[in-house]
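A.B. asks: Chain by chain, the residues:
Number of protein chains: 2
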Amino acid sequence: MWCSKQSAESYSLLAFSPLDFGDFRSRDNSQQMTTTQTDGQWSHEEIRIAKSALKKAYKQETEALIANIRENAANVTQLEDVWQLHDFLSAKRHDIDGKYDDREDFLVFTLSKLIKTGLLDKSDLQGLAADKQAKVTVLTRM
Amino acid sequence: MWCSKQSAESYSLLAFSPLDFGDFRSRDNSQQMTTTQTDGQWSHEEIRIAKSALKKAYKQETEALIANIRENAANVTQLEDVWQLHDFLSAKRHDIDGKYDDREDFLVFTLSKLIKTGLLDKSDLQGLAADKQAKVTVLTRM
Chain R
127 MWCSKQSAES YSLLAFSPLD FGDFRSRDNS QQMTTTQTDG QWSHEEIRIA KSALKKAYKQ
187 ETEALIANIR ENAANVTQLE DVWQLHDFLS AKRHDIDGKY DDREDFLVFT LSKLIKTGLL
247 DKSDLQGLAA DKQAKVTVLT RM
Chain D
127 MWCSKQSAES YSLLAFSPLD FGDFRSRDNS QQMTTTQTDG QWSHEEIRIA KSALKKAYKQ
187 ETEALIANIR ENAANVTQLE DVWQLHDFLS AKRHDIDGKY DDREDFLVFT LSKLIKTGLL
247 DKSDLQGLAA DKQAKVTVLT RM
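Keeping their order, the protein sequence lines are chains R and D. In this text, residue positions in the first sequence follow our numbering: the first is 127, and each later residue adds one. In this text, residue positions in the second sequence follow our numbering: the first is 127, and each later residue adds one.
Hints were generated in silico from the structure; no laboratory data involved. Some clues are possibly wrong.
Intra- or inter-copy, both count: the list cannot distinguish identical chains.
Here are the simulated lysine to any residue pairs, SDA-like style, with alpha carbons at most 25 Å apart [what the hints assert, rightly or not]:
| hint | residue 1 | residue 2 |
| --- | --- | --- |
| 1 | LYS225 | GLN204 |
| 2 | LYS225 | ASP213 |
| 3 | LYS261 | ALA190 |
| 4 | LYS261 | GLU206 |
Pulled out of the complex, with its shape left as it was, chain R reads as follows (with noise of 0.2 Å):
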């Protein structure tokens, strides 16, 4: 798929390397993990909210960006329309790795960013501590 039909010049495949969601706390802060909720931390109940608001967005984002290209893949009938796609694939890609980081210390961060672009709501975050989802609330009209 995707191969010149004209040139045998191979072309390198960067791997694509998923979000790893088993794993969702950092090594460096596994050590600071506690099962009982405290000021700041991440209890295990909260992290695994956390976890599936951020699989939904992902799985959201993800399926809308495949259909997107299958949908307008039919409009594609100049060089610059080509190009456009990868432009748009570029920025989306870019976008992507950076927007799903599940550091326990950046968490109020990416749920904030993925509460603006719509991908989640704030009723997706029900069951963390009132000061998280304080601090998302706060994050989210910056």
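Assemble the complex: chain R is given as a structure, and chain D must be docked to it using the hints.
C.D. replies: Just chain D now, kept in the frame of chain R:
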């Protein structure tokens, strides 16, 4: 087209600059051009032939690229397919941007590369001086 449904964030569109086949000769060499064919220099007729060959190859390559995208879009079902498409387009863009160098001093190299990759045939060079055809032939073997 190719716009995210979920994010209002804009992305830059690098304007594609199609090759300008209108003036085939580079400015630096235009003073040296003659209407008669001399050793190493390109006559007007030779330039017309080379210009026609490059146009033919460019048209063939870009039309095949567009057809490839349209045909294979239905096979994009996973995110890794999307990034594979992106990698493919990155390589193609880089390749096409550098492949059609129409400066007089580089024409034998340009033509030889197009023959090597099957975008042109030696018969497309009929009408060029024997020394130029020989140079192109030698380069296709390198």
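A.B. asks: Does each hint fit the structure? Answer for all of them.
C.D. replies: Results of checking the hints against the structure:
1. When the C-alpha separation of LYS225 and GLN204 is checked against a cutoff of 25 Å, the pair qualifies only between copies, where the shortest distance is 19 Å, while the shortest distance within a copy is 31 Å.
2. When the C-alpha separation of LYS225 and ASP213 is checked against a cutoff of 25 Å, the pair qualifies both within a copy, at 18 Å, and between copies, at 20 Å.
3. Within a single copy, LYS261 and ALA190 get their C-alpha atoms no closer than 28 Å, and across copies no closer than 52 Å, so neither meets the 25 Å cut-off.
4. Within a single copy, LYS261 and GLU206 get their C-alpha atoms no closer than 43 Å, and across copies no closer than 34 Å, so neither meets the 25 Å cut-off.
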